[in-house]
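With the sequences and hints as input, model every part of the structure.
Each chain, written out:
There are 4 protein chains.
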Amino acid sequence: MAAMTEFNFYHPIEVRYADIDAQGHMNNAKYLTFFEQARIHYLLHLGLFRREQSFDDIGIILADVHLTFLAPVTWQTPVTVGVKTSRIGNKSMTVLNSLFNAESGEEMARAEIVLVTYDYHTGKTVPVPAEWREKIGAFDGCR
Amino acid sequence: MAAMTEFNFYHPIEVRYADIDAQGHMNNAKYLTFFEQARIHYLLHLGLFRREQSFDDIGIILADVHLTFLAPVTWQTPVTVGVKTSRIGNKSMTVLNSLFNAESGEEMARAEIVLVTYDYHTGKTVPVPAEWREKIGAFDGCR
Amino acid sequence: MAAMTEFNFYHPIEVRYADIDAQGHMNNAKYLTFFEQARIHYLLHLGLFRREQSFDDIGIILADVHLTFLAPVTWQTPVTVGVKTSRIGNKSMTVLNSLFNAESGEEMARAEIVLVTYDYHTGKTVPVPAEWREKIGAFDGCR
Amino acid sequence: MAAMTEFNFYHPIEVRYADIDAQGHMNNAKYLTFFEQARIHYLLHLGLFRREQSFDDIGIILADVHLTFLAPVTWQTPVTVGVKTSRIGNKSMTVLNSLFNAESGEEMARAEIVLVTYDYHTGKTVPVPAEWREKIGAFDGCR
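Order-wise, the sequence lines are chains L, V, U and G.
Last residue of the first sequence: 143 (the working numbering), numbering continuous.
Last residue of the second sequence: 1143 (the working numbering), numbering continuous.
Last residue of the third sequence: 2143 (the working numbering), numbering continuous.
Last residue of the fourth sequence: 3143 (the working numbering), numbering continuous.
Rather than coming from a laboratory, the hints here were simulated on the basis of the structure.
Hints may be right or wrong, so weigh each one.
[Unchecked claim] Chain V stretches covered by chain U per the calculated footprint, using a threshold of three residues with CB under 8 angstroms from any CB of chain U:
(1) 1011-1022
(2) 1035-1044
[Stated by the list, open to error] Pair by pair, the computed Cβ-Cβ distance ranges are:
(3) Gly141/L to Arg3087/G: 57 to 63 angstroms
(4) Leu1070/V to Pro3078/G: 34 to 40 angstroms
(5) Arg87/L to Gly1137/V: 23 to 29 angstroms
(6) Gln53/L to His2121/U: 17 to 23 angstroms
(7) Thr1122/V to Ala2071/U: 43 to 49 angstroms
(8) Gln1076/V to Thr74/L: 35 to 41 angstroms
(9) Ala3130/G to Asp56/L: 17 to 23 angstroms
(10) Met3004/G to Asp2056/U: 51 to 57 angstroms
(11) Arg2087/U to Ser3086/G: 24 to 30 angstroms
Just so we're clear, the structure is a prediction, and the values are computed from it rather than from any experiment.
C-beta atoms are modelled at their ideal positions from N, C-alpha and C, and glycine is treated no differently.
Laid out in structure tokens, this is it:
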């Protein structure tokens, strides 16, 4: 299990009534929405995506997600999501996410996500840009 | 890659405008919604869940998802989802899902999902019921 | 109340598990998703939007919605949505929607929606195109 | 147009990537999700719903929504939602919502929503509880 100290970046997200499903828990699909939201803020924080840009300029596409559910999230859970890059390849990166109860520090879900660097304008994969490699490598101590 | 002949159960799902994200593709979180919807219809088909029951009676909770994206789905894609159980354990099952282009047969995403048998009334895991083991085992030739 | 004979166009939509909220009913926001989906198919049916086009070419934006809930929809409800234009103005149209139980014919929700004709490429309102006025007027007997 | 001073209660909500649709704006259905989320926090604030309660205890169901879109919301918009009760009837209340750009104060959407007091345990409408009438009346100066 990951502790809440293992990440260099966290993004808090309010659970919405609309995230809860008929069984009273946060719906399984919403975890990917939370990780997506935290990922965008991670890129904003690192200056690799800017508020004035279009999402067509964001330059990543998901290839693979391994998602593990550890404890049910309810609408009362104060959630924060950790984001950390663990590997930077030629045309892909591996990003780790953990969803925590921000008060207790309990890890409630985690994911290992493979992102491919991608040009939405041409619809093709591209090499990881040098700026991404430098900034992410320096921030998360990976390569 | 899975072919469209590998499953004994398929559920067609219309992609909605609301499933498409700002980058023009089906959003990554929606794949889990599609697999969830197909899974419920698989259980209905096998008589393990009935329309008059509450979702509190459905008796499964997700533990782990390994999801692979193979090709972008757009709102024009005619989607059908295959569902197949590959393993029935003591308190868990492994279910395979593939999302296909129903016209071309192209596999566009796949997932291996571990479900834990769970009693929503008590909030506890339970052994896989004998009826589930028999019906699913007979239908998908697994155990 | 509208009867199921009052519309010239219907689009059936499967209620998804993910449309149901923590109180066991279809969530109030999802009605707009259902009306949106039916509206797109209405435009496809009339040839005013084509599958090969981008949503940036669809040419309408919502201005006003008056939505009335008549009976709760559950995941078991077989839903079909009626779409009918009642008024074509200079730069706007009024579209009526009803959500029916497709088996019983019961009207479960209705909406009156004002759409403004809009060019997403320039971000400006535009006059209702002559082709829209002709085709919709002929189909729904309005102007 | 409502000014940002007209409400006694505001709830800020972060726009998610997943709230944005294929046309780059917040999707029309999401406005109801935002109003729903703000409404729950309004009831929490007034002590009429408590975090330890179930949503089956919330005691209101939507009857009617009149929603007006004033300006497109994008993922960069810092959103806050105002909630104010304008009328308390025998078995219903009218609640006004405005969605503001929290920085500029621009009103971007508004809604007038009729809520019916409802017992989810019995599935029946009930009179507005005296506690609701007192607390809401005192807070928003309505009756």
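Quick rundown of the hints versus the structure:
1. 1011-1022: holds (count 6)
2. 1035-1044: holds (count 3)
3. Gly141/L to Arg3087/G: 57 to 63 angstroms: holds (59 angstroms)
4. Leu1070/V to Pro3078/G: 34 to 40 angstroms: holds (37 angstroms)
5. Arg87/L to Gly1137/V: 23 to 29 angstroms: violated (40 angstroms)
6. Gln53/L to His2121/U: 17 to 23 angstroms: Holds, at about 19 angstroms.
7. Thr1122/V to Ala2071/U: 43 to 49 angstroms: Once the Cβ atoms are compared, 33 angstroms apart, the range 43 to 49 angstroms for Ala2071/U and Thr1122/V is violated.
8. Gln1076/V to Thr74/L: 35 to 41 angstroms: The hinted range 35 to 41 angstroms holds for Gln1076/V and Thr74/L, with Cβ atoms some 37 angstroms apart.
9. Ala3130/G to Asp56/L: 17 to 23 angstroms: Hint violated: Cβ distance 55 angstroms, outside 17 to 23 angstroms.
10. Met3004/G to Asp2056/U: 51 to 57 angstroms: violated (32 angstroms)
11. Arg2087/U to Ser3086/G: 24 to 30 angstroms: holds (29 angstroms)
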